[in-house]
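*Asks:* Listed here are the chains, written in short residue letters.
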Amino acid sequence: MVGVGVLVFCLLASVRFGAAEIGTGDVISSFTDYDGSTDDLIIRTLRVPRAIIAALVGASLGVAGAIMQGMTRNPLAEPGVLGINAGAALAVVASVFLLEASSLSTYALFAFVGGGITMTVVYSLGSMGRAGMTPIKLVVAGAALNALLVSLTTAILILSQRTLDEIRFWLAGSVAGRDLNLLLQVLPYIAVGLLLALALSRQLTALTLGEDVATGLGQKTAWTKFGAAVAVILLAGSSVAIAGPILFVGLIIPHVVRFFVGVDYRWILPYAVVFGAILLVSADIAARVVLRPQELPVGVMTALVGGPFFIYLARWRVKR
Amino acid sequence: MIKGMKGRVALRTRRPPISFRIDLRVIAILLLLALVTLAGMVANVGYGEYPIPPLDVVKTVLGIQTTDGAYSFIVNTLRLPRVLVAFLVGVGLAIAGAILQGLTRNPLAAPEIVGVNAGAGLVAVTLIVALPSFPFSLLPPAAFGGGLGIAVLLYLLAWKGNSSPMRLILIGIGLEAMASALIWVMIVFGEIFQVSRALIWLTGSVYGRTWDNLWSLLPWLIVFVPLAFFYSRHLNALNLGDEVARGLGSRVELQRALLLLTSVALAASAVATAGTITFVGLMAPHIARRMVGPSYGGLLPTSAMTGGALVVLADLVGRTMFAPTEIPCGIITAAVGAPFFLYLLYRTRNA
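As you go down the protein sequences, you meet chains A and B in turn.
Just add 1 to the spot in the first sequence (first one is 1) and you have our numbering.
Just add 595 to the spot in the second sequence (first one is 1) and you have our numbering.
For reference, chain B alone in the conformation it holds in the complex:
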């Protein structure tokens, strides 16, 4: 290992020729976030109608026998999958948002604007309101299809020899508004009970998520998260503008298409699993940027951890605050994340 600049460490190997520069500050922050997330997870699993002390939570997860045999069922079948789903959803949304903000060079970009939320939401709300007997377990794949479909439509409409970010944003807004309007038609004219259910789905909730949900979500993350990390160099270049990126040797269209695909896949799978949680994809990258700076090498992992932490903590708060009523975590992500973000804005106001 060679010590390069202050606070950074370079890793080099001879064969195969690989060279990384690692920012120590990023590592420190990642560890901190991981600790926060783990604490949140343990607290979340421990809390409920059947409270379980934190130490027993850890023991049960590790398979060590504890005093109460029921712990195993509660932890492993009910609560653990839910918490893990929450974390993974947060990770997926945060990375999707970070990629989009880099691609479109617009701080307001989020998975919402590529229509994934709109498409998935439209399909889900239509099914819930118009076909109340539609099986709940088939909702995620249907929603995924809707999200992916709209994203493909968006890309096709925006393609005109190249895929200008401006066109992507604008057409995305148009599609999202239309889908939103159709959703509102359902809400206004639907039977009130179904509309309530649809509204909860729209807000985003990890209630009742099982291991099946986890296993269908995981492959997407396993494939696309490393891809995103691998492309962070290119994101940095694209963020400087198309001409500059080309001058630096980037294959702009290919990279943009791949990155868009990554972002959409991550967002669609997250939304399909947990509904449209709207805040994480927008704010987690901003929060991460304030902590580790704008270079995507450090920004992507930090956004991921921030997003995961946000959703896990939000779920915890949503379950505990108005007990025994459960507030969907989608509401809490905004209610918790927004003030924190405003605080960050205040802290860095003279930057």
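Only chain A is shown next, with the shape it has when bound in the complex:
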């Protein structure tokens, strides 16, 4: 519950601090005494939605990463590894290059579609053969497809400087300028994804013990894996759609959470929600404040903020 308290604090801080200087009193008055001034507009239409979006994206990525690491039993797994980020990025870059798309909601649409298609392809590739989906096949197929898609994306970016210029900020991952409409379009997917994930927590815990153990316990592992994959697509796809490819959150949040609560997914998933949100919201605050009035993309900050903490955990907490 300390975690939730920290989260609320971060959310409030996110609204309070930012590129423009706005005092705490003014922040409060923008809610109680709205008068259409620029400051009030900033608070209500820019910062609050942004904070909420950051929290939700962070939560989704955290949960998606936790599911992936459990499903594949590989500590290096994260939604990016399954090619979702790469597929989404390629779709968006292609749309800018070929169709001259330029609005965030168009990006979002392409990102969602691209990510979904990629993950479906990877999942099918990883399930080929008699043994069905095994973690190693999935991860290796994902890495191969990831390399392919990233190379295609880079090819376009090298061939067209215009595309590179337009898209580079989005590619770094950012929650800047996203409005609530965008969020509302994607919210159902996030909600379904989260509920699905939470519903599967018991099965996921069993799955982390190994395929055979889970089957021995009476689980229908194929359905669990399928459900988990759907959840990951929904969560990670929505995140990329809103905020672009944000790496690292899905990777480190599960590790961080495991250090605190152990290996039971009934605890890991809710904590992943909270911790993921905290990470992204604080990264966003830092991104806005560090180079004021310039803004860094939040995808950059998650790595710079999360990285040292992650290294500390890896060094002092990994036993073997």
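Bear in mind the hints are in silico, worked out from the structure with no lab data behind them.
Just so you know, even glycine gets a beta-carbon here, dropped at the ideal spot from N, CA and C.
Any given hint could be a false lead.
Per the computed footprint, the stretches of chain A lying under chain B, defined by three or more beta-carbons under 8 Å from a beta-carbon of chain B, are [as the list claims (entries may be wrong)]:
| # | segment |
| --- | --- |
| 1 | 163-170 |
| 2 | 236-242 |
| 3 | 249-263 |
FRET-style restraints, in silico, Cβ to Cβ [claimed, not checked]:
| # | chain 1 | residue 1 | chain 2 | residue 2 | range |
| --- | --- | --- | --- | --- | --- |
| 4 | B | PHE824 | A | VAL264 | 38 to 48 Å |
| 5 | B | LEU843 | A | PHE227 | 33 to 43 Å |
| 6 | A | THR121 | B | ARG700 | 24 to 34 Å |
Dock chain B against chain A, hints included.
*Replies:* Chain B alone, transformed into the frame defined by chain A:
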């Protein structure tokens, strides 16, 4: 020679007492790969704005006079060094990747995760974007320093009485993410033209590589490739787990440090020469494993040849596909290697 098991030949000498067991299948596959690579090299050297027939290519390289005097310049000064650099870079990256996959016992391991790409990339991108007048010829040593520096930092951070592979992987990921983030800062805020140049370097390209590049790359390969081959026995043991390896008599920490050093040196020199080519170190060992099996005695040479072939062919494709625009070979290694690898996955799906 004594014929041991089917398909294997044992070589033994009395004095000094040396004994090898050679798998004939590995030899066959190596020869096949060598043929493919040579064909690719000849094709690559022959292709260009000034096309040269394959037979003349071979003649020029061997020093035999041909009908057109310009061939000598084009082949020997421009194209040959580039192709040879491509091959050696592929070899270095593939072996580095194979070693890392064995050390960390993780199929996703690649030179990228020990931070070499990140460190070298960060130094290179910073120099290209922030100091546009930095001489291009000094970029490789600087990048090498960056790659080596990050790897050393990684090892120091991961050392806590022992060097657990898990810690190495995790801390490597952390460092790589941070370096990546800093690189993105440069990309987002840099002047677009410099960013384009930086992006090409990041993708990995052998464009314009000369004999100087070759001579600075070669010593690293000459020293570390035989070392890697020599240690393949130990890699097999380490791959079984620390306890098993110790039980078999391996000096685990020493071997792991040496192997890590080998891998980093090979990867750093390759990246310093050609930029961060990301696919080869990850996939060449996998492709090789599907062909010759997991024993490192056969796996290392096969990975090396596979990696070399991949980069040479990728460079060829990159030059020919969208002529006259040249696509950097780093893009093609992934674009060509990935589908082939997926095909291999499909072929062996019931294994």
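*Asks:* Which hint numbers doesn't this structure obey?
*Replies:* 2
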